[in-house]
Amino acid sequence: MSILVIAEHDNSALKTETLKTVTAAQQIGSDITLLVAGFNCQSVAESAAKVNGISKVLVCDNTVYQHQLAENVSLLITELAADYEHILATASTTGKNIMPRVAALLDVTQISDIIGVESNNTFTRPIYAGNAIATVQSLDAKKVITVRSTGFDAVNTDGNADIFNIDTVTDAGLSNHIADEFTKSERPDLGAAGVVISGGRGMQNGDNFKLLDGIADKLGAAIGASRAAVDAGFVPNDMQVGQTGKIVAPDLYIAVGISGAIQHLAGMKDSKIIVAINKDPDAPIFQVADYGIVADLFDALPELESKL
Amino acid sequence: MKVLVPIKRVIDYNVKVRVKTDNSNVDLSNTKMAINPFCEIAVEEAVRLKEAGIATEIIAISIGDKSCQEQLRTALALGADRAIQIETDLQPSESLDSINIAKLLQKIVEEEEPQLIILGKQAIDSDNNQTGQMLAALTGMPQGTFASAVKVEGDKVNVTREVDGGLQSLALNLPAIVTTDLRLNEPRYASLPNIMKAKRKPLVVRSASEFGIDLTPRTKLLKVTAPAQRQAGIVVKSIDELVDKLKNEAKVIS
Numbered sequence: 001m002s003i004l005v006i007a008e009h010d011n012s013a014l015k016t017e018t019l020k021t022v023t024a025a026q027q028i029g030s031d032i033t034l035l036v037a038g039f040n041c042q043s044v045a046e047s048a049a050k051v052n053g054i055s056k057v058l059v060c061d062n063t064v065y066q067h068q069l070a071e072n073v074s075l076l077i078t079e080l081a082a083d084y085e086h087i088l089a090t091a092s093t094t095g096k097n098i099m100p101r102v103a104a105l106l107d108v109t110q111i112s113d114i115i116g117v118e119s120n121n122t123f124t125r126p127i128y129a130g131n132a133i134a135t136v137q138s139l140d141a142k143k144v145i146t147v148r149s150t151g152f153d154a155v156n157t158d159g160n161a162d163i164f165n166i167d168t169v170t171d172a173g174l175s176n177h178i179a180d181e182f183t184k185s186e187r188p189d190l191g192a193a194g195v196v197i198s199g200g201r202g203m204q205n206g207d208n209f210k211l212l213d214g215i216a217d218k219l220g221a222a223i224g225a226s227r228a229a230v231d232a233g234f235v236p237n238d239m240q241v242g243q244t245g246k247i248v249a250p251d252l253y254i255a256v257g258i259s260g261a262i263q264h265l266a267g268m269k270d271s272k273i274i275v276a277i278n279k280d281p282d283a284p285i286f287q288v289a290d291y292g293i294v295a296d297l298f299d300a301l302p303e304l305e306s307k308l
Numbered sequence: 001m002k003v004l005v006p007i008k009r010v011i012d013y014n015v016k017v018r019v020k021t022d023n024s025n026v027d028l029s030n031t032k033m034a035i036n037p038f039c040e041i042a043v044e045e046a047v048r049l050k051e052a053g054i055a056t057e058i059i060a061i062s063i064g065d066k067s068c069q070e071q072l073r074t075a076l077a078l079g080a081d082r083a084i085q086i087e088t089d090l091q092p093s094e095s096l097d098s099i100n101i102a103k104l105l106q107k108i109v110e111e112e113e114p115q116l117i118i119l120g121k122q123a124i125d126s127d128n129n130q131t132g133q134m135l136a137a138l139t140g141m142p143q144g145t146f147a148s149a150v151k152v153e154g155d156k157v158n159v160t161r162e163v164d165g166g167l168q169s170l171a172l173n174l175p176a177i178v179t180t181d182l183r184l185n186e187p188r189y190a191s192l193p194n195i196m197k198a199k200r201k202p203l204v205v206r207s208a209s210e211f212g213i214d215l216t217p218r219t220k221l222l223k224v225t226a227p228a229q230r231q232a233g234i235v236v237k238s239i240d241e242l243v244d245k246l247k248n249e250a251k252v253i254s
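Protein chains in written order, with the UniProt record's numbering: chain A, 1 to 308; chain B, 1 to 254.
Hints are computed from structural coordinates only; laboratory data are not their basis.
Note that the coordinates shown come from a computational prediction; the quantities given were computed from them, not determined experimentally.
Worth double-checking, as some hints may not be accurate.
[What the hints assert, rightly or not] Facing chain A, according to a computed beta carbon distance under 8 Å, are these residues of chain B, among others:
hint, residue
1, Asp125
2, Glu162
3, Val163
4, Ala171
5, Leu174
6, Arg183
7, Pro187
8, Arg188
9, Leu192
10, Arg218
11, Thr225
12, Ile234
13, Val235
14, Lys245
For each residue, glycine too, the CB sits at the ideal point set by N, CA and C.
Kindly generate the complete structure, drawing on both the sequences and the hints.
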């Protein structure tokens, strides 16, 4: 049973989410191929070859794949698909964008955002903002799947697979990349951080998010936000944790001035330890918090920073 | 240009769902239903394009039993010109797989030939995030998913997308497909006069069977369970106590 895993990368580095997707693939079968499609992505290919548990790496290095345009990459994957029974990608914005297009081109449906593998055709996935877990059996001959990375551990990277270059060029000619505007941050990636500290509406404005910086520095944490904080313009949208933002499951999640709406909890309730700092003792966040403190965040945050 | 907006009837986003005791599915009996929030944003964007003189006609479409006419009327009240319901004989507890939804929509796209199709990025019940991309593949159109800004310029549409790490902007050849993210716009409320007017707008019911598509399920729902409950936590009195607990009890900081 052959499995194709689409590597997540930015043309220079392989994302750790891919290592978790490979774990999911290992639970399905053993003959795993990693596909690196990009431009000037040889360094990614070299990292990919070190991923444990894979048989080989396919590298397709061409300018048409530079920005992971769904129209072009989906054609490439579809062309390779004949040799594979399962095609997996991380449920990142890239994977979510490309994979349903691949599924439709192959005339199959997609199993989105799996968090568990029961067998080679049966998977578990959250529905209704994580308020229910569905066990779903795929009846399609080919299984196109996206993997929620918080559901799986990462494989090691001390392997040595062979790299095969392929020169397929699939340019749909339907779309062009204009520009990227990425948020610059020295902090760990939100999806991969061991500690996350998030602010909500209670932060009152964007400047107050600086109160989280010192604590994040001391804990090596990533900084997240609730939708209310993003909608109010306090912070950029890529910091949003929740059903429609990032799904995180760090060892420690600190929610500051966040009430705990269903949609926010969907993005963080699998964290190992949850701490809530909120001045409203009735806030729903206290129902999921391991440790809560009812306090004004403007008093609590400086004190917490000084005591870490 | 003609704009097509597929919408979905889902559980109201404020309602906390309950799993049925026999674990067959979630319990939707007597539950408040509404238009999926992302679909509402899609309708709003289409209406704004019409107000800007770019869109000439907005068609709302939904697939399901008669009850989804309620959501189509909402779309009409918000500014859609006419509506299509594709009637399926499924039980409310059953649902069509995304690929079959996309195939039904493809037939309507072939009939109506819209220049722009705007969908929500995901439905908050199944949380699949597939239909827009699948429809794009089937129609051979480019896709601008997770859109936070949409600008039609000549024979192209420029879409700013919310991606991990920031924003990406693309230029797509028309006709194209756009799926909405939360930041695209703030949907308006339907006014009472518009709700009354919407009752007289055309709503055509088509049977799913007339399109000759094989709608055989591609997935089988084996069971639905409640997620693991978290153990009740404790409320600490001071920051000192919190830091002590995190260090010595939870051992998540050193």
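Okay, the hints, checked on the actual structure:
Satisfaction of the interface hint for B/Asp125 is found here, the shortest Cβ-Cβ separation to chain A being roughly 6 Å, below the 8 Å cut-off. Checking B/Glu162 against chain A: minimum C-beta separation of about 5 Å stays under 8 Å; hint holds. Hint on B/Val163 holds. Least Cβ distance to chain A is approximately 4 Å, under the 8 Å limit. Taken as an interface hint, B/Ala171 checks out: its beta carbon lies about 5 Å from the nearest beta carbon of chain A, inside 8 Å.
Violation of the interface hint for B/Leu174 is found here, the shortest Cβ-Cβ separation to chain A being roughly 10 Å, above the 8 Å cut-off. Interface hint status for B/Arg183: upheld, as the beta-carbon distance to the closest one in chain A is roughly 6 Å, under 8 Å. Because the closest C-beta pair between B/Pro187 and chain A is about 13 Å apart, greater than 8 Å, the hint is violated. With a least beta-carbon distance of about 16 Å to chain A, the hint placing B/Arg188 at the interface is violated under the 8 Å criterion.
Taken as an interface hint, B/Leu192 does not check out: its beta carbon lies about 27 Å from the nearest beta carbon of chain A, beyond 8 Å. Against a cut-off of 8 Å between C-beta atoms, the interface hint on B/Arg218 holds, since the closest Cβ of chain A lies about 4 Å away. Taking 8 Å as the C-beta cut-off, the interface hint given for B/Thr225 holds, the closest approach to chain A being about 5 Å. The beta carbon of B/Ile234 is positioned within 8 Å of a beta carbon in chain A (closest approach about 6 Å), and the interface hint is therefore held.
Against a cut-off of 8 Å between C-beta atoms, the interface hint on B/Val235 holds, since the closest Cβ of chain A lies about 5 Å away. A cut of 8 Å between beta carbons decides the hint on B/Lys245: the least distance to chain A is about 6 Å, and the hint holds.
Violated hints, in rising order: 5, 7, 8, 9; the structure is consistent with all others.
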